[in-house]
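From first to last, the protein sequence lines are chains V and W. Position 127, counted from 1, in the first sequence is what my numbering calls 127; the numbers after and before it change by one each time, with no gaps. Position 184, counted from 1, in the second sequence is what my numbering calls 184; the numbers after and before it change by one each time, with no gaps.
A hint or two may mislead.
[As the list claims (entries may be wrong)] With a Cα cut of at most 27 angstroms, we get these calculated DSS-like pairs of lysine-lysine:
| hint | chain 1 | residue 1 | chain 2 | residue 2 |
| --- | --- | --- | --- | --- |
| 1 | W | K69 | V | K145 |
| 2 | W | K40 | W | K164 |
| 3 | W | K169 | V | K145 |
I should point out that these hints are in silico values taken from the structure, not numbers from a laboratory.
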Amino acid sequence: MVFDNETKFGTVSKVFHWLSAIVILGLFAVGFWMVDLNYYSEWYRTAPYWHKSIGILLLGFTLARLLWKFITPSPKTLTTHTKLTQLATKLGHLALYSILLVILISGYLISTADGRAIEVFTWFEVMSLGELIANQEDVAGSIHKYAAYSLMAIVLIHILAALKHHFIDKDDTLRRMIK
Amino acid sequence: MKKTLLASALALSSLAMPVMAADYVIDTKGAHASINFKVKHLGYSWLTGRFNTFSGEFNYDEKQPEASKISVNIDTTSVDSNHAERDKHLRDSDFLDVKKFSTATFNSTKVTDLGNGKLAITGILSLQGIEKEITIDAKKIGEGKDPWGGYRAGFAGTTSIQMKDFGYKMDFGQIDFDLHIEGIKK
């Protein structure tokens, strides 16, 4: 089942969701760790290179994901959810998507602030748009950092909410993203 | 009588014009001044950079160079090594920590005339809130009228600091400075 139906997510949506989850957590962990690397660490150059390469790939992946979300039907909200839960869910998902985009775009803006392109592994380069604002690398850097912390906080709520629906409410919320 | 008059006139004139030291503003507006630095990269080459924003004034008299004074304020956020990612790192707490210390200053305390337009300018460099005495080996390049009705004097200088003296978390050894200033007489 490739597409979502009224009650379950399809294969494409599940791959988008779970692969994004792994990559986002991985990028956060690597990002958190790499900024404190010693200059003489063997990872000093490799870790940022991978972080940037995978980040750009995730940006493309996320745009494709959003396109998929908008052009194909999504499962209906569970009727057992209260109106408040439904609203909170909508806002939570909106926050996850928008903060993710803010992180991806601000990350791009750090590395391209001086006109340099971002090399994605050795496969291709994403060109710079030049310096769009003054002190771009610092402004984008702060946004990138705090948006990443915010995303992790909302991800935690997202996970706790899913577990709550599964183990306490015993509804299909988590099950339909797995099965 | 004539003799004493002459003598007192001479004495008076020497009193009236003891030092013709002039005050100059460093021409950062026209960017005829630069603060450049270089640090060894891995011991294999020099990494160079500069501070784009600074201001300063000096006082100089060719006849009495030892009475000269100079003070310079450097905007540490303007560090520029021609690489955004590195500049961002240079501004954070591993290096310049510009959120806490956005200004570095140099104020001369003593100028020694070494002859031939050469000067040893000793002063206090304040960087990351740490004050340290340094000496700049300076040389006058030239002075005179400019074509636009002003008067200018210019110098070049070099000095160096040790990164460990200024509490940097990352220590790449010595930083060499290559300084150029041109002042416009006030």
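Hints versus structure:
1. W/K69 - V/K145: It is violated: about 44 angstroms lies between the C-alpha atoms, which goes past 27 angstroms.
2. W/K40 - W/K164: Distance ~14 angstroms between W/K40 and W/K164 Cα, so the pair holds.
3. W/K169 - V/K145: holds, 21 angstroms
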